[in-house]
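**Q** Okay, here's what each chain looks like letter by letter:
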Amino acid sequence: MPPAKHLTIALAGNPNSGKTTIFNAITGTRQKVGNWPGVTVEKKEGHVQRFGYELSIIDLPGTYSLTPFSIEEIVARDFVLDDRPDVVIDIIDASNLERSLYLATQLREIDCKVLFALNMADLAQSNGIRIDAAKLGELLDLPVVFTVGNRQEGIDELLQKAVGLAESGAPAPQKRRVRYSQDIETAIGRLRTFMAGNAEGDLPYNPRWAAIKLLEDDRIVQQRILAAAGPGGPKILEEAERLRQQLADRYDDAPEIVMTDERYGFIAGIIREVLTTTRRQRVDTSRAIDKVLTDRFLGFPIFVFFIWAMFQLTFSLGAYPMDWIGAGFEAVGGLIQRWVPESLLRDLLVEGVLAGVGSVAVFLPNILILFFCISLFEDTGYMARAAFLMDRIMHLVGLHGKSFIPMLMGFGCNVPAVMAARTLESEKDRILTVLVTPFMSCSARLPVYLVLAGTFFAQRAGTVIFGIYLLGIVVAMLSGRLFRKTLLPGADAPFVMELPPYRMPMLKSLMIHMWDRARMFIQKMGGVILVGAVIVWVLSSFPRQVDYRQDYGALRNAAAQRWQTQIAAADPGRRPVLEAELARELSELRRQQRTEQIGQSYMGHIGKILEPVVAPMGIDWRGGVALLSGVVAKEIVVSTMGVLYAAEADSEDALGRALRASGMTPLAGLAMMAFVLLYVPCLATVAAVRRETGNRWMLFSVAYSTGLAWLVAVAIYQGGRLLGIT
Amino acid sequence: MEIGMPTLKDMREGQEAVIVRVGGNGALRRRLLEMGLRSGARIRIEKYAPLRDPLELVVNAMHVSLRVEEAAQIEVDPAA
Chain R
1 MPPAKHLTIA LAGNPNSGKT TIFNAITGTR QKVGNWPGVT VEKKEGHVQR FGYELSIIDL
61 PGTYSLTPFS IEEIVARDFV LDDRPDVVID IIDASNLERS LYLATQLREI DCKVLFALNM
121 ADLAQSNGIR IDAAKLGELL DLPVVFTVGN RQEGIDELLQ KAVGLAESGA PAPQKRRVRY
181 SQDIETAIGR LRTFMAGNAE GDLPYNPRWA AIKLLEDDRI VQQRILAAAG PGGPKILEEA
241 ERLRQQLADR YDDAPEIVMT DERYGFIAGI IREVLTTTRR QRVDTSRAID KVLTDRFLGF
301 PIFVFFIWAM FQLTFSLGAY PMDWIGAGFE AVGGLIQRWV PESLLRDLLV EGVLAGVGSV
361 AVFLPNILIL FFCISLFEDT GYMARAAFLM DRIMHLVGLH GKSFIPMLMG FGCNVPAVMA
421 ARTLESEKDR ILTVLVTPFM SCSARLPVYL VLAGTFFAQR AGTVIFGIYL LGIVVAMLSG
481 RLFRKTLLPG ADAPFVMELP PYRMPMLKSL MIHMWDRARM FIQKMGGVIL VGAVIVWVLS
541 SFPRQVDYRQ DYGALRNAAA QRWQTQIAAA DPGRRPVLEA ELARELSELR RQQRTEQIGQ
601 SYMGHIGKIL EPVVAPMGID WRGGVALLSG VVAKEIVVST MGVLYAAEAD SEDALGRALR
661 ASGMTPLAGL AMMAFVLLYV PCLATVAAVR RETGNRWMLF SVAYSTGLAW LVAVAIYQGG
721 RLLGIT
Chain E
727 MEIGMPTLKD MREGQEAVIV RVGGNGALRR RLLEMGLRSG ARIRIEKYAP LRDPLELVVN
787 AMHVSLRVEE AAQIEVDPAA
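Order-wise, the sequence lines are chains R and E. In this text, residue positions in the first sequence follow this note's numbering: the first is 1, and each later residue adds one. In this text, residue positions in the second sequence follow this note's numbering: the first is 727, and each later residue adds one.
Excised from the complex, chain R in its bound form:
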């Protein structure tokens, strides 16, 4: 069979136009989620085989326009301009024809083949909106297909028409475009002639479009022209600026504003011809729902309830599979213990790989449920309302209403929370949110608080832990204000946001979304954790050659012999008791040996170096090592303390006794909790921060959080001692 011909189809459209639903309807689960090169805007791609063609479907970011004001718009525009898809399908929301056509007119100005998918026309019709599709196609000189994305209607026809259009060979139609008023058209014409005369070589764009963009003062097109036109470039920009000035004087307003207005005028003409509205008597369900959910008095209580329900679901429902996964890993560990002879390899597998991967894998159910809830909020349209409710509060501390969701998710797990900051449009807001999100105390930190607060504050443990969570929120808020004043000055992005109508969520799209996130979590973070866990294991297990203070082998043999003789002499009824005594003594010896061995391992050496740093917090070198290993993942703090201080079994109670015995005071416990709250959350989060903001901000985040953690912990310990508290 000859290789199928390959076509690229891009999906463009406004946010909330049903674009994702159509994309899901076309590609099903055969989709790949990644990033657009160099930016953190999500790129969704799907491949399907239809009509003997290999079709690549690219879901462009949802935008209202193609001006270069947001990354999403730049990404969408650059894809159409540079990657030249064979066809662009523009999803037109039938309920909102005017705004949809605004994007459409801009697409038509770029030289590309466009096809309309008139989506959700059924819904529009029931709202009394009737659209003459044939007329619309005729007026704009392009094919129009009716679709209902969530019922798979029109999808086949859409693809068929798209393939037909790609293969038609006809150039993109030049007529039926927006015509601007006389003065603007003259300026466009002049600039085109000037460009043709002054540019060396070919300019990268359709000349009319390039001229329009230059008159609109489009920074990106200016740069491209400068790069492409050679020595004539500056002259072209000068001429464009001169014409801009002329137009500005003539209209008493910026040309781009005038042109936006004229596009709307053009659209209004089309709408008059294709749209008929009948007076509707329908009850607006969406408005009725919104009246309750954003009510002056009920809005916040309901919001708090939803958040509470989400966390309840995440942690209570997630606890069951969490236990199963944990038990599964333990079972595998047991199998390895049984079948692999005692060796370095076995230790690596059990203490390094399994412990590392296991510590992450147990959070998978939580993450899945959390993301299910988040997707549910997003797909129903409630997320926009959450931002609407919270914007005032967030704005006070220099953050944006949309920052609230990532910060909230941070209580579950910082990794998806940092990823969720992508929903923020402005880069400054995004970086700011990513920087403060790790101060939200994630669930992995809870075990550390439970041990420390349980040990040192017994009855008041709950209050103390609540206080720690509160401290995290306060630090996040203050840091937000500080960063906004110093590092990322300027106002936060305007809060011009569409509040989409409430919609019934679709299970399929919820599942796809949830699965995408889970996969990202497992792949990207699982790898980091695995590597980190192995490093910690290596550091704590090497060098193998240790000068022990006592000969543990001989001691074990002596103990074994001593008890064996007693066991042999004792009557059979007492033997199990004595055997248990023997096992206890052997395990105590092994623990002592392990403690001594770690003390002399690389990790131990690092701990001794760390001692002067952690001592002001009231923490000894073992605590320092535990904190260091916690960089991999916070749960490891507990298990490392277990190994270093530990008592007999790994029970928390025994650890508590050992901690008290080590001379650690409640005040030091409090300082340590504050440190655990504030310092680098974990390698996976650091990796996520790097992915979202780049190396520089990642380094800053690590340095800032760790430095602040140290200062706060030292302030607590030293301040407390000054006040005479222990």
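Hints listed in this document are in silico derivations from the structure and should not be mistaken for laboratory results. One thing to keep in mind: the hints can contain errors.
[To be verified] Distance ranges between label pairs, derived from CB positions:
1) E:R747 x R:K485: 27 to 37 Å
2) E:D803 x R:G169: 48 to 58 Å
3) R:R50 x E:D803: 50 to 60 Å
4) E:D803 x R:G28: 45 to 55 Å
5) E:R747 x R:G169: 39 to 49 Å
6) R:F305 x E:R747: 39 to 49 Å
7) R:E273 x E:R747: 50 to 60 Å
8) E:R747 x R:K235: 47 to 57 Å
9) E:R747 x R:T277: 20 to 30 Å
Don't be surprised by glycine CBs; every beta carbon is placed ideally from N, CA and C.
Here the structure of chain R is known, so what remains is to put chain E in place on it, guided by the hints.
**A** Here is chain E on its own, set in the frame of chain R:
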């Protein structure tokens, strides 16, 4: 700016008006225009958020939220 011309932020819940002029800096102004908030457009104030900021308005059957400080840039004619 003409003195005395009311802006969006002077409007009460449920009030309707026609936009006279959209002010503000370049990016914000353009974004507003692209969302359909341009002179001549008829809008209705749907509601204010519980903390009185931001506000929600309806333009062309679309619900849009704006901060009060942003709404202050939009001059309106409530009588039209």
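**Q** The structure should be examined with respect to each hint, and the outcome stated for every one.
**A** Against the structure, the hints come out as follows:
no., hint, result
1, E:R747 x R:K485: 27 to 37 Å, "holds, 33 Å"
2, E:D803 x R:G169: 48 to 58 Å, "holds, 52 Å"
3, R:R50 x E:D803: 50 to 60 Å, "holds, 53 Å"
4, E:D803 x R:G28: 45 to 55 Å, "holds, 51 Å"
5, E:R747 x R:G169: 39 to 49 Å, "holds, 47 Å"
6, R:F305 x E:R747: 39 to 49 Å, "holds, 42 Å"
7, R:E273 x E:R747: 50 to 60 Å, "violated, 29 Å"
8, E:R747 x R:K235: 47 to 57 Å, "violated, 36 Å"
9, E:R747 x R:T277: 20 to 30 Å, "holds, 27 Å"
Comparing the model with each earlier hint shows violations of hints 7, 8; every other hint is respected.
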